[in-house]
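Undergrad: Given chain A's structure and the hints, the job is docking chain B onto it.
Protein chains in written order, with numbering that gives the first Met the number 0: chain A, 0 to 297; chain B, 0 to 345.
What the hints contain is simulated information worked out from the structure, not anything from laboratory work.
There could be a bad hint or two in this list.
[As the list claims (entries may be wrong)] Label-pair restraints from in silico Cβ distances:
no.: 1; chain 1: A; residue 1: S59; chain 2: B; residue 2: L219; range: 49 to 59 Å
no.: 2; chain 1: A; residue 1: T128; chain 2: B; residue 2: G323; range: 45 to 55 Å
no.: 3; chain 1: B; residue 1: L136; chain 2: A; residue 2: E173; range: 34 to 44 Å
no.: 4; chain 1: A; residue 1: D257; chain 2: B; residue 2: E98; range: 51 to 61 Å
Note that the Cβ used here is the ideal one computed from N, Cα and C, for glycine as well.
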Amino acid sequence: MSFTMEASGLGKQYGHRWALRDCTLAIPAGRVVGLVGPNGAGKTTLLHLAVGLLAPTSGSISVLGANPGDGPAQLGRVGFVAQDTPVYARLSVSQHLRMGAWLNPSWDQVIAETRIEQLGLNLRQRAGTLSGGQRAQLALTLAIAKRPACLILDEPVASLDPLARREFLRSLMEIVAAQGISVVLSSHLIADLERVCDYLVVLVASRVQVAGEVGELLSTHHRLSGPRREASSLPANQEVIEESHTDKQSTFLVRTTDPVLDPAWTVRRVTLDDLVIAYMSLQAAPERAYRPRLRVMS
Amino acid sequence: MIRFTWLQFRMQATVALAVLFAFAVVLVLTGPHLASLYASAITSCHGGTCANAANTFLSRLTTTSPYPTVYVLGIGLVLATPAIIGIFWGAPLIARELENRTFALAWTQSITRTRWLAVKLTLTGLAAMAVTGAFSLMQAWWAEPISKAIGLGGPYPVGSVIDQGRLGEFIFATSGVAPLGYAAFGFALGTATGALIRRTVPAMAVTLAIIVAVQVAIPLWVRPHLIPPDRTVVSGPSFFALASMSVGTLAASSVPGQPEAWIVSSGAINAAGLPVSTIPAACLPSSLAKAPDPGRCMASRGIREAITYQPASRYWPLQWIETGIFLALALALAGLCFWRLGRRRT
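Isolated chain A, as found in the complex (with noise of 0.2 Å):
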């Protein structure tokens, strides 16, 4: 299996503060990948250790193969939309063109061409004045136009109206489409993923929580309901991820492969959203991440 990205041990530290500690991850090749996690999980800062703009404290991280932009070819090969999809406000559309094909030697002016013309922007107008899901179609434009062999995204819809959101999203998988190549694509909130990806990774705190098709996770993911249980009393090959408790009864979310036999519970399907929620919570509470696959039952 050939990786997107793969990251072990990675950390990078700010004076003293680790903005991403001891971080690691393998993002499988050719797929749509969503990163997600809350804000202060790492996310941005292991998306510029990706591309090159940061450079790890400690561990490493190679991406398509190769150290994060370590030279031009590389550089070519990735693809980059930072958060809030800064552009030159002082440029004009077709200056940004211009510019990405000066800086990149595999630049595609067709592509670069029909995309602009497709979105309906003027190429005279300068970026400062563009909305904020122009900006973003821009940025993508830029992005997409050097052909490169992977794609990654940091966040670029978590400033865009619902209307922006969902046509900057639409843009994606049509290239994804038409381009086929590997996408990350980070946020904080599921909801923007949901429509785009096929593989998820949720980190918390710079640990991967889980990592997974999107199709495998829901499928081993369940909602049990039934009356009140602890959760030590679960079978050793379901995993508690989330637990609540009334009076009488109990509600589980469990990651199994098996199917669940136990007639006491109520087994309901999860969505992508109670998924991913449940996983980000798990950082108030560390213990659960460290329960043991295997347990005695008694």
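TA: This is chain B only, laid out in the frame that chain A set:
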């Protein structure tokens, strides 16, 4: 990258060209007339009378509008250009990319940031030197009659704006090759400050403060000692001629036999070689009696003038040393920028 650098630099370049053009217009409108004034003042002189003719020309010039104004303006412009370039070209070069987060766009194109910085620093740095050099040459062309008149050896009109030879504190850094060194230094300083402070406006302020401090410190404390200064003691008749005696100070305004020498320090000493800070009471002119000539009076008491100075012949060695120092500083600051960006601490 060269084309992209130009695309981002166009605006600043246009402003610089506009100022250059405006300056050129002022100089072209006033320059030829200044040259004709000089020509008519100096035409009939020969040998010893030329110094007097030149002195008359300079004295008259200080009260002839607009020449003193244009002269001071031109010198001020050449002195200020390195600071202005440091502030408006240097400081934003990296700081603005960091501030507007556009570094994430610039440094993820298929070009390493080392190359990005190398091209930006080289092109903008050369432009900085070219613009400053152009200002300096234009000023030198315009002021040529003035420098020729000073070169003819008459004492400068004391207390006027035209009281310095080309080694003078202010003039030195506006002529020769020194402006190129200052321009490169100002630009590199602005860029490095921006890279370290990471915010444009504070970087601009710090750049200005440092450049002004350097421009004050160099002529006061550094330049006099780049080459060990010469020393002379003037006594007898030459001592009387020291013009500034008439305004009550004991500092020399020129070095006998050394036209255009730059006086580093000077002061009166008595026969025992000890400094004399004030004119002895016996030599002070009184308003009632016919005033004794203070110079003659002091000379008769064995008081002499000790002068430390740089002779005019050291103009070019001092120019090259100072320019070399600033070019070396500029390269060191550029190295600092590469180091800062290479550490990838965005």
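Undergrad: Which of the listed hints are not met by the structure?
TA: Going through the list in order, the structure violates hint 3 alone and respects the others.
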